[in-house]
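Number of protein chains: 2
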Amino acid sequence: MDAFLQKAKSLTSFLATMEPQQKNTLLLAMADALEAHQEAILEANAKDMDKGVKNTLSAALLDRLKLTPKRIRGMAQAVREIAALKEPVGRVLEGWVVPSGLRIEKVSIPIGVVAIIYESRPNVTSDTAALCFKSGNICVLKGGKEATHSNHAIAKVLQDTLAFNGVDPACISLLPDETREGVATLIRQDAYVDLIIPRGGEGLIRFVSQNATVPVVKHDKGVCHTYVDKEANLDQAMEIVLNAKCQRPSACNALETLLVHEAIASDFVPRIAAALTQVGAKVKGCATTQQFIHVDLATPEDFHTEHLSNALSIKVVADIQEALHHITTYGSSHSEAILTENYTTAEWFLNAVDASCVYVNASTRFTDGGEFGFGAEVGISTNKLHARGPMGINELTTYKYKVYGKGNVRA
Amino acid sequence: MDAFLQKAKSLTSFLATMEPQQKNTLLLAMADALEAHQEAILEANAKDMDKGVKNTLSAALLDRLKLTPKRIRGMAQAVREIAALKEPVGRVLEGWVVPSGLRIEKVSIPIGVVAIIYESRPNVTSDTAALCFKSGNICVLKGGKEATHSNHAIAKVLQDTLAFNGVDPACISLLPDETREGVATLIRQDAYVDLIIPRGGEGLIRFVSQNATVPVVKHDKGVCHTYVDKEANLDQAMEIVLNAKCQRPSACNALETLLVHEAIASDFVPRIAAALTQVGAKVKGCATTQQFIHVDLATPEDFHTEHLSNALSIKVVADIQEALHHITTYGSSHSEAILTENYTTAEWFLNAVDASCVYVNASTRFTDGGEFGFGAEVGISTNKLHARGPMGINELTTYKYKVYGKGNVRA
Chain A
1 MDAFLQKAKS LTSFLATMEP QQKNTLLLAM ADALEAHQEA ILEANAKDMD
51 KGVKNTLSAA LLDRLKLTPK RIRGMAQAVR EIAALKEPVG RVLEGWVVPS
101 GLRIEKVSIP IGVVAIIYES RPNVTSDTAA LCFKSGNICV LKGGKEATHS
151 NHAIAKVLQD TLAFNGVDPA CISLLPDETR EGVATLIRQD AYVDLIIPRG
201 GEGLIRFVSQ NATVPVVKHD KGVCHTYVDK EANLDQAMEI VLNAKCQRPS
251 ACNALETLLV HEAIASDFVP RIAAALTQVG AKVKGCATTQ QFIHVDLATP
301 EDFHTEHLSN ALSIKVVADI QEALHHITTY GSSHSEAILT ENYTTAEWFL
351 NAVDASCVYV NASTRFTDGG EFGFGAEVGI STNKLHARGP MGINELTTYK
401 YKVYGKGNVR A
Chain B
1 MDAFLQKAKS LTSFLATMEP QQKNTLLLAM ADALEAHQEA ILEANAKDMD
51 KGVKNTLSAA LLDRLKLTPK RIRGMAQAVR EIAALKEPVG RVLEGWVVPS
101 GLRIEKVSIP IGVVAIIYES RPNVTSDTAA LCFKSGNICV LKGGKEATHS
151 NHAIAKVLQD TLAFNGVDPA CISLLPDETR EGVATLIRQD AYVDLIIPRG
201 GEGLIRFVSQ NATVPVVKHD KGVCHTYVDK EANLDQAMEI VLNAKCQRPS
251 ACNALETLLV HEAIASDFVP RIAAALTQVG AKVKGCATTQ QFIHVDLATP
301 EDFHTEHLSN ALSIKVVADI QEALHHITTY GSSHSEAILT ENYTTAEWFL
351 NAVDASCVYV NASTRFTDGG EFGFGAEVGI STNKLHARGP MGINELTTYK
401 YKVYGKGNVR A
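As given, the protein sequences belong to chains A and B, one line each in that order.
Position one of the first sequence corresponds to residue 1 (UniProt numbering), numbered consecutively onward.
Position one of the second sequence corresponds to residue 1 (UniProt numbering), numbered consecutively onward.
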């Protein structure tokens, strides 16, 4: 792996200084090539599907894995959209002149070698490769074993496009060793790898976080809350809560625990529980909630759980402090919302809650690169440093200071 | 240590939402208290000095360790200057409205619990505590063993000031276990600690980087280069090179290896070597350099070394590509300079060199929070992510997104 990563590292300066126009031309060529080599990709995908059926993968997993001509067109289109994004490298983030006369510019630059570990869906291969390429980063991709033929076929199309155009195909790399040992080695190669982005289950994230010497930007779980204040517009609250829980329950920004102020609980809890149940949600509740509706008791374990399903816990709280305390205890600092018409209450919540995204009177489902207007998304970071929340292409850059002198020496 | 760090973590929300005015009032009270309790601090320092003499610390280390009434006034003054800095929390970094009508603000917030590991100089205790307090972070300080009495006395003054004013003194914490095992435990407490900043020798930095599960912002070594191009103003180059090497050789931003274009080497190398030797610098050189001056051969080990002294290596290069190659091979991505009058050459160097600070026609000695206008400095980060180069108080913050809705649900 050493030689492989050394090669990746050796290309960083080359890609970091490639002209935007050339990057975009190459990306458009990659998109065309994905469509032109549709048959090869579908053949590889058929092998993965066969294996998946033999290994009795679930219908949901098989659906994620499956490629079709339409899905390949979608992948190509996503690469074209990434090509159309504003150039992320060379943005002047700040600039000033200091008393000594030096002119200082803080400028965005690529991170270098970025390793991304992900699962199942093969389109992530082309999405991620394109995002890294556009931002001037050499990517090292490690997809799921179940999609290995598809991922290799997709990467080959992208790499062949680079080679055909005279660019080293190793600018887009697939990890040669797909085993867990390969990952274990990769995450300690801080001499060659500048950033690891693990996207996947809790086990993977924990393993990477506990063992990496390379900096990690995690894409961990979301245990998101919505607190319905006593001064909330309850009709609006009905819509927002239903949306936050049910619009796509498998998303990390979906609602897990509904917090309700006790002053409105006898009115709101039965109404929202009935509406949730009607659309198939499975509701549990705290002891106070049980005074209003017939549900199972929500345990601390429930409050800690990212259900990724239509399950939901309701907890009645005495005030906003208790809501904050619950969020601090059980939340994952992902997305938290307050529903209220009271200005002071809203401001207090926005400032006191520590999460990547804090909402007033909106569904937590908006925590998303697309909804935030980033155009394409690397994922949702649960890190506190470097990138927090929806991670767009600009979050695949770091910065340097360019300092313009005229013979300046330090006194 | 668990209970100690749990306590620190529990205070993050309190300090994160403290009003700027209250933080500043408390900081000014801390500054006054440092002066008022000068005798107690000097007594504690005398114990450290006694121990240092017994342990035969070098004169340089003893000087770093020693406190005087004047130095304590300096510490108090530094705390007052930090109080006067612009509030780092709550800065709106970006803001926009998305098509769905949500208003999004990206706002600076404290990081949370910040652990700082440092050495010898006791003034770092009050500087760092004040920087963390002003930026709303709970600090966990781990100073050098040789300064333990001084650090405890200084921390006690700061903590007593907090307690006297009704604020939990644990907002400023000293690590209870000062051993290497204590550090080993601390750096794996990612449940409680949000960031570790190690400042110190290579051994410490390596140990922390290799073993931490908490994110690390390193303050590692600087192997800095200055490349004198064939189109440099050579008189200006003389001044800049002398300044970069000799103005304070022990600094991490001092020059270690001078790269000289071969077209001007026969002229410039003897001139600069004579001037350097005259002020006491110890010069080595590559084989080509040896054709012009009588010096020992610089080995690859020399090129890798941060001398922290007046030692310097000279290497003659064929062109800017060879200069870049040398910098990439031996540099530490800290501070790199080109001296040239050629616009295209300067632009090329600024873009191609990967370092936190890249200079044209200036001394690398300017890589410094004070010189950059940051007012006070946490240190010089050699990280690529989160904070790069001079790290001011704003780099002790991260961000969250505040999202203002009007009943928005996701379609």
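A portion of the hints provided could be inaccurate.
To be verified - Chain A stretches covered by chain B per the calculated footprint, using a threshold of three residues with CB under 8 Å from any CB of chain B:
| no. | segment |
| --- | --- |
| 1 | 171-184 |
| 2 | 229-240 |
Said to hold, decoys possible - Interface residues of chain A toward chain B, partial, derived using beta-carbon atoms under 8 Å:
| no. | residue |
| --- | --- |
| 3 | L11 |
| 4 | K47 |
| 5 | V53 |
| 6 | V92 |
| 7 | W96 |
| 8 | S108 |
| 9 | E371 |
| 10 | K384 |
| 11 | K402 |
| 12 | Y404 |
| 13 | G405 |
| 14 | G407 |
| 15 | V409 |
| 16 | R410 |
Please keep in mind that the hints were generated in silico from the structure rather than gathered at the bench.
Remember, it's a predicted structure, so these values are computed and weren't measured experimentally.
We put the beta carbon where it would ideally sit given N, CA and C, even for glycine.
Against the structure, the hints:
no., hint, verdict
1, 171-184, "violated (count 0)"
2, 229-240, "holds (count 4)"
3, L11, "violated (12 Å)"
4, K47, "violated (36 Å)"
5, V53, "violated (34 Å)"
6, V92, "violated (12 Å)"
7, W96, "holds (7 Å)"
8, S108, "violated (11 Å)"
9, E371, "holds (7 Å)"
10, K384, "holds (5 Å)"
11, K402, "holds (5 Å)"
12, Y404, "holds (6 Å)"
13, G405, "holds (3 Å)"
14, G407, "holds (4 Å)"
15, V409, "holds (4 Å)"
16, R410, "holds (4 Å)"
Violated hints, in rising order: 1, 3, 4, 5, 6, 8; the structure is consistent with all others.
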